[in-house]
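Protein chains: 2
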Amino acid sequence: MSGTPRLVEVRKNVLKHNDEVARALRQRFADAGVFVVSLVSSPGTGKTRLLENLLGAIGERHRVAALVGDLATENDAVRLARSGAPVKQIVTGTVCHLDASMVERALEGWDLAALDFLFVENVGNLVCPSSYDLGENLRLVLLSVTEGEDKPLKYPVMFRSVDVVLLNKIDLIPHLDADVEHYVAHVREVNPRATILPVSARTGDGMAAWFAWLRRFAAAN
Amino acid sequence: MSGTPRLVEVRKNVLKHNDEVARALRQRFADAGVFVVSLVSSPGTGKTRLLENLLGAIGERHRVAALVGDLATENDAVRLARSGAPVKQIVTGTVCHLDASMVERALEGWDLAALDFLFVENVGNLVCPSSYDLGENLRLVLLSVTEGEDKPLKYPVMFRSVDVVLLNKIDLIPHLDADVEHYVAHVREVNPRATILPVSARTGDGMAAWFAWLRRFAAAN
Chain A
1 MSGTPRLVEV RKNVLKHNDE VARALRQRFA DAGVFVVSLV SSPGTGKTRL
51 LENLLGAIGE RHRVAALVGD LATENDAVRL ARSGAPVKQI VTGTVCHLDA
101 SMVERALEGW DLAALDFLFV ENVGNLVCPS SYDLGENLRL VLLSVTEGED
151 KPLKYPVMFR SVDVVLLNKI DLIPHLDADV EHYVAHVREV NPRATILPVS
201 ARTGDGMAAW FAWLRRFAAA N
Chain B
1 MSGTPRLVEV RKNVLKHNDE VARALRQRFA DAGVFVVSLV SSPGTGKTRL
51 LENLLGAIGE RHRVAALVGD LATENDAVRL ARSGAPVKQI VTGTVCHLDA
101 SMVERALEGW DLAALDFLFV ENVGNLVCPS SYDLGENLRL VLLSVTEGED
151 KPLKYPVMFR SVDVVLLNKI DLIPHLDADV EHYVAHVREV NPRATILPVS
201 ARTGDGMAAW FAWLRRFAAA N
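So the protein sequences, as listed, match chains A and B.
Just so we're aligned, residue 1 is where the first sequence starts under the numbering used here, counting upward by one.
Just so we're aligned, residue 1 is where the second sequence starts under the numbering used here, counting upward by one.
In short, the hints are calculated from the structure, not lab data.
Be a bit skeptical, because a hint or two may be false.
What the hints assert, rightly or not - Here are the simulated lysine-lysine pairs, DSBU-like style, with alpha carbons at most 30 angstroms apart: (1) B:Lys88 <-> A:Lys16; (2) A:Lys16 <-> A:Lys88; (3) B:Lys16 <-> B:Lys88; (4) A:Lys12 <-> B:Lys12; (5) B:Lys12 <-> A:Lys16; (6) A:Lys16 <-> B:Lys16; (7) B:Lys12 <-> B:Lys88; (8) A:Lys12 <-> A:Lys88.
Sequences and hints are given; from them, build the entire structure.
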């Protein structure tokens, strides 16, 4: 395909520019003392429901805010704003991921020093967001047990790029041909160092353990 | 972001080239008398399970074959080859979609005139594949009822690009906070002309109606 080598080269420059903006963001986050968590996953794994829980539970003791990325609609921001936390939607149009400049623009006018935690929900996509550093301190992927046990093997670049894997919707396990042990083994195969926590954002199963883990991790970093 | 306008321009050229290759492919498919169906969806909606069923059921009366796209692994091709139909894996590496040239290369050495149906499974992604014509006669999206009712609204470009929406995993409806009517209404909102069929590739619910629809549609086109 004649256009491809040029496309690869242009992409490299875009990624290089993104890395520079992300580096500056990371410094700003550190200076302001805000801990930034980014969330990636396929569409429909429960990122927004998890974020509702996070803003509620972490928001009880800490000052929290969220940015949410989508190709279209402001639905998630409207839904999350009910928590009372500052929330801003980033609408990406046809772009399949957030980049550091989008995050930088969305934060204009925000006082980062007034926050303890900032959550950034990416566009639902297991490919595009993997190469874009957003200056986050922690990247987590949500993997739903309805998705099939082979997903970490099929999307290794994404699963390798994360610090935490939340295995969500475990309340549905009895109704599926799925085994939590297989999910864990396949994550381990591509990313041996990731922390893996089984949760159900719907029933609340495993959520207290995950919140405690996040607080400990943020305090130590 | 300084790199972006150039990236958009290069992408336009890539899409233009893709359209030319797709046009040639479509002519080849027509000349050979093969009906080509492409499958798109999020990761983990059941494309490969559906394809197993299609190769089995449509393969009883017609000559069928499949191409399957993934970033990594040959798992799907191995799994589908058990049907006895010709199957080839396209490994895309870091590319989040198939393009017409990949399909063209994968078909090298195949006698298209010996086929009635060719199924092409795209990479699991609700964004990237939408703009790439593969020369197919019919494009279908699989939407799992575990994904959340808002997905057609959040990924309108993809849902607008398809002819058929298979609403899969309806056997899980009793265990979810989900309503088939809401899914249908949200698809209708972005794509009023798409055919919507509820199915369960696991239990077989709705599959006979879908196979019959596909046979009728192919015979009429």
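Hints and how they fare:
1. Of the pairs offered as hints, the one joining Lys88 (chain B) and Lys16 (chain A) is violated, with about 35 angstroms between alpha carbons and a cut-off of 30 angstroms exceeded.
2. Of the pairs offered as hints, the one joining Lys16 (chain A) and Lys88 (chain A) holds, with about 26 angstroms between alpha carbons and a cut-off of 30 angstroms not exceeded.
3. Distance restraint check for Lys16 (chain B) and Lys88 (chain B): the Cα-Cα separation of roughly 26 angstroms lies within the 30 angstroms cut-off, and the hinted pair is therefore satisfied.
4. This hinted pair checks out: Lys12 (chain A) and Lys12 (chain B) have alpha carbons roughly 18 angstroms apart, not beyond 30 angstroms.
5. Under the criterion of a C-alpha separation no larger than 30 angstroms, the hint pairing Lys12 (chain B) with Lys16 (chain A) is consistent with the structure, at around 22 angstroms.
6. Among the hinted pairs, Lys16 (chain A) with Lys16 (chain B) is consistent with the structure: their alpha-carbon atoms are about 27 angstroms apart, no more than 30 angstroms.
7. At roughly 29 angstroms between alpha-carbon atoms, Lys12 (chain B) and Lys88 (chain B) fall within 30 angstroms of each other, so this suggested pair holds.
8. Taking the CA atoms of Lys12 (chain A) and Lys88 (chain A), the gap is about 29 angstroms. The hint holds against a cut of 30 angstroms.
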